[in-house]
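*Asks:* So the sequences go chain by chain: A and B.
Each residue of the first sequence is one higher than the one before, starting from 43 at the first, in our numbering.
Each residue of the second sequence is one higher than the one before, starting from 666 at the first, in our numbering.
By construction, these hints were calculated from the structure, which means they are not laboratory data.
A couple of the hints might just be wrong.
Derived lysine to aspartate or glutamate pairs resembling DMTMM-like cross-links, with alpha carbons at most 25 Å apart [claimed, not checked]:
id, chain 1, residue 1, chain 2, residue 2
1, B, Lys827, B, Glu670
2, B, Lys857, A, Glu208
3, B, Lys730, B, Glu837
4, A, Lys200, A, Asp79
5, A, Lys145, A, Asp194
6, B, Lys674, B, Glu846
7, B, Lys730, B, Asp794
8, A, Lys54, B, Asp752
9, A, Lys145, A, Asp219
10, B, Lys730, A, Glu86
11, A, Lys54, B, Glu860
12, B, Lys674, B, Asp803
13, B, Lys730, A, Asp192
14, B, Lys674, B, Glu839
15, A, Lys145, A, Asp192
Interface residues of chain B toward chain A, partial, derived using beta-carbon atoms under 8 Å [claimed, not checked]:
id, residue
16, Gly678
17, Ala711
18, Met712
19, Asp717
20, Ala725
21, Ser798
22, Ser829
23, Arg856
Keep in mind that this is a model prediction, so the values were computed, not measured.
C-beta atoms are modelled at their ideal positions from N, C-alpha and C, and glycine is treated no differently.
Each chain, written out:
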Amino acid sequence: MLSAQLVVQELKVCGLGCVVGLPDNSSAGLIALLRRDDTIRFVEVTREGEAFALASGFWIGGGRAAVLVQNTGLLESGDALRGTAQRMRVPLLCLITYRGYAKMPGPATPAASESSDADVFSKAAVDSAALITEPTLRAWGLPFDWLHSDADLPKISKAFARAQRESRPVALLVTGDMC
Amino acid sequence: MLTKEQLLKPLAGLRGDAVVVTCMSVTRPWGRYSSSELDFASADSAMGHTADLALGIALAQPRRKVICLNGDGSMLMTLGTLATIVDSGAANLVLFVVQNDTYEITGNLPIPAAGRIDFATLARGAGFDRVYSFDRADQYEGRLAEVLSGDGPVFVVVRVEKGSEGPISRTEGEPSRYLRESIADSAHRLRKALELRG
């Protein structure tokens, strides 16, 4: 579990004006805080791909933005991410909540060859979204790190600094609920 | 039904200091009527994500009008963006859907529900209060100033003739100035231009 209040503080350190996303169980507490915040605006989208295009537009317009989506939504967003934030070299913080992380069998980063096993994808005890999240990020060339607890929260400003320095999106995988 | 010239030429004359975001089959024609540093081509980007990109610019630039010239096929790819726009309350966004009922730059194959889909009704259903629909040049030109004035978000659907625009290359061979650079360079250039204008 992570403190949503502390996450908001870190987002403010980054000077963000906007967080674009779609709620899930892990992000609901953070979004509730953002909706009441005076300095960071939360913009809700109808599908996660929109979030990457909208956040990229916000940056073109002179702002600083982050995307907040679940890993399932990240998978839906592939071409939007590629064609906007990556193609346009937008410094974008991507907070990805990690559905299924707790149920991951063994190491959190299965090799791509393992995740191509049809049996693995169909096992009820395995969340296939979690299984392919990290291999997908690697395949898409998106740098990432993990937020497991409040002790990891300084990684937010470090990730955003890297995004700005390298003019690219950088992802943080959030493995616990933000409450 | 309008020609692209009947759609774009009056708009270029009235856009003032608005940001104009183009995509698909109007991208190259727009460059014949405008060479503003506030033009941005959502070409070589992500299909279907022009309206949401333009919304982001509008939210970051609330005191400046942002005009989005979206395609009908592109709009269908992200219809949910209509609800996102309304929910965001972006009063400075004017969203055009240029309806020719085809995916023109990939060979004029028809869009789903070509000839039957009613974008104005979809926009009203999503909650747009200001919705315009034009299929005659005189009506469009007569009301364009009204369309571009006042608070939005505004939704405009314009029926245009099918054309024969081919894919956009973003190379030195492109006739439009804003297509002779990469989309990354375009994005960074527009951000800089907006910063300088304040």
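*Asks:* Decide, hint by hint, whether the structure agrees.
*Replies:* Quick rundown of the hints versus the structure:
Between B:Lys827 and B:Glu670, the direct Cα distance comes to roughly 12 Å. Compliance with the 25 Å bound is thereby established for this hinted pair. Under the criterion of a C-alpha separation no larger than 25 Å, the hint pairing B:Lys857 with A:Glu208 is consistent with the structure, at around 17 Å. Restraint check for B:Lys730 and B:Glu837: the C-alpha separation of about 30 Å exceeds 25 Å, so the hint is violated. Our distance criterion of 25 Å between C-alpha atoms is met by A:Lys200 and A:Asp79, whose separation comes to about 23 Å.
Distance restraint check for A:Lys145 and A:Asp194: the Cα-Cα separation of roughly 21 Å lies within the 25 Å cut-off, and the hinted pair is therefore satisfied. Of the pairs offered as hints, the one joining B:Lys674 and B:Glu846 holds, with about 24 Å between alpha carbons and a cut-off of 25 Å not exceeded. Under the criterion of a C-alpha separation no larger than 25 Å, the hint pairing B:Lys730 with B:Asp794 is consistent with the structure, at around 17 Å. Only pairs whose Cα atoms come within 25 Å are accepted, and A:Lys54 paired with B:Asp752 is accepted, the gap being roughly 24 Å.
For the given pair, A:Lys145 sits about 15 Å from A:Asp219 by alpha-carbon distance, which is consistent with the 25 Å threshold. A C-alpha spacing of about 22 Å is found between B:Lys730 and A:Glu86, which places the hinted pair at or below 25 Å, so the restraint holds. Between the alpha carbons of A:Lys54 and B:Glu860 the distance comes to roughly 21 Å, so the proposed pair stays at or under 25 Å and holds. The suggested pairing of B:Lys674 with B:Asp803 holds, with an alpha-carbon distance near 13 Å, which does not exceed 25 Å.
Our distance criterion of 25 Å between C-alpha atoms is broken by B:Lys730 and A:Asp192, whose separation comes to about 41 Å. About 20 Å separates the Cα atoms of B:Lys674 and B:Glu839, which keeps this hinted pair within 25 Å; it holds. Taking the CA atoms of A:Lys145 and A:Asp192, the gap is near 21 Å; set against the 25 Å cutoff, the hint holds. At its closest, the beta carbon of B:Gly678 sits 24 Å from a beta carbon of chain A; the interface hint therefore is violated under the 8 Å criterion.
With its C-beta approaching chain A no nearer than about 3 Å, B:Ala711 sits inside the 8 Å limit, and its interface hint holds. Of the supplied interface hints, the one on B:Met712 holds, with its beta-carbon coming within about 7 Å of a beta-carbon of chain A, less than 8 Å. Because the beta carbon of B:Asp717 sits about 4 Å from the nearest beta carbon in chain A, less than 8 Å, this interface hint is met. Interface restraint check for B:Ala725: the shortest CB-CB distance to chain A comes to about 3 Å, inside 8 Å, so the restraint holds.
The beta carbon of B:Ser798 is not positioned within 8 Å of any beta carbon in chain A (closest approach about 23 Å), and the interface hint is therefore violated. Of the supplied interface hints, the one on B:Ser829 is violated, with its beta-carbon coming no nearer than about 24 Å to a beta-carbon of chain A, more than 8 Å. Because the smallest distance between the Cβ of B:Arg856 and any Cβ of chain A comes to about 5 Å, under 8 Å, the interface hint for this residue holds.
Checked against the numbered hints given earlier, the structure breaks hints 3, 13, 16, 21, 22 and satisfies all the rest.
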